[in-house]
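Visitor: Sequence:
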Amino acid sequence: MAEKIRLVEENQFLRERMDTETELHGIVGASTKIQDVLRMISRLKDTRTPVLIAGESGTGKELVARAIHFRGPFANRPFVAVDCGSLVPTLIESELFGYEKGAFTGALKSKTGLFQSANGGTIFLDEIGELPLEQQAKLLRVLQEKEVRPVGSNQKVKVDVRIIAATNRDLEAEYRNGTFRKDLYFRLNVVTVHLPSLRERRSDIPMLAHWFLDRYAPGDDIQVTTAAMKCLLQYDWPGNVRELENSIERAVALGDRRTIDMNDLPPTIASASSSPDSGLELPSSSLSSTDLEDIERATIQRVFEQVKGDKALAGKMLGISRATLYRKLKRYNIGPRQALAAPPTSQALQ
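Numbering (our numbering), first residue to last: 1 to 350.
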C-alpha cells in the first residue's frame, strides 16, 4: 500500500510540473539542455532573423519552429510548414513559388506558392538539406531579394517571410563536399538552435511520459510503475521523443488503463534495458537507483542550485504549486544550503 501511495504521489508531481508546459507548444522538460533551448526561443521570438534548427530526427524541430513563431508578435500571421524531403523534385519550384495558368502541362489555373501563402509570417523548411542544388540557388535568391517569381510568370512578387529551416544533417560538412551551397548555409545559419537527443536529457523522460499519457488517455490517471520507468530511462531512444511518444501510445492501447508496467512497453525497450551489455552509462550519485523518488529529488536540487534558493522562482521553473513545492522540500530535506552543496547531476541526465 505504501508503494502504491508513493507511486501515485510521484506521478501527480510530474503531472503538476507540466501545467505550464502547454504554453511552450509541447516542448516539455526541466533539464539544463532543454531549458537552454527555451531561453533561445524566448530571445528569437521577437525577431525576424533566419534560424537554423539542428537535431536528430524525432527531437521536436517543428515544435521549436512553431514556438518561435507563435510566442512572438507575428503569432496571428501565417505559419507554413514544408517537408522538403517529401517534395517531388520536378515540382519543388512550383510548390514553393507558385505558377501561372499554362506554365506547364496540367497547369489549368494559377496557383499561389507556399512563400506567398506565408507572406507576413513564417515559412518552416524542414529537412532543408534535401533540397537539390538548383532549388537551393533559387531559395538563396528569395532570401536576398525578398521576392519570388512564379513559374511561367515574368513578374516578381514581393514577400515578407521569416525563414526557419531545420536539418538532421551536418550542413557544414555538406557544403565542404559540395552537396549544399556554402552561401545558402551562411545565409540560413545566422542563429542555430541545437536540439539535444533524448538520451542527452534522460531526466526529462518521466515528465515527457506523463505528458503523452495525458494526451492519449486524458482523465484516466494512469500510473507508471517504477519498473517501467526504469526501462524508459535506460533505453537509448534512437528515435528520440517521437519514439517515446509512440511507445506510450502503444502502452495505453494495450494496457489496462490503470498502470503501465514494463510488459506494456515495446519488446525492444524492455530487452535493451535488461541487457547488461547495453553500453549505457547510467547516472551515478543520487540517481544510481534510477528510482522516480531519486529523480524527483535530484531535479529539485538542481533547480534550487540554479536559482540560488529562490523558492518562488524554483516553483515557477518546476511548474508546480507552492504547496507542492514546500511539501517536497520538507520531504527531501532540501533547502538552499543542501541544494548548493549537493553533487552535480550526472551529465547523462542533462
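In short, the hints are calculated from the structure, not lab data.
Please note: incorrect hints may appear among the correct ones.
[What the hints assert, rightly or not] 30 Å max Cα-Cα, derived BS3-like pairs, lysine-lysine:
#1 K101 - K33
#2 K308 - K330
#3 K45 - K101
#4 K182 - K138
#5 K138 - K156
[To be verified] Taking CB as the label site, the calculated pair distances span:
#6 P89 - V190: 37 to 45 Å
#7 N177 - A75: 20 to 28 Å
#8 R257 - D83: 30 to 38 Å
#9 P89 - R199: 46 to 54 Å
#10 R331 - G219: 40 to 48 Å
#11 N76 - S153: 25 to 33 Å
Positions of the beta carbon are idealized from the N, C-alpha and C atoms, including for glycine.
Visitor: Which constraints among the numbered hints does this structure fail? Numbers only, ascending.
Guide: Of the numbered hints given earlier, those the structure breaks are 1, 3, 6, 7, 9 and 10, listed in rising order.
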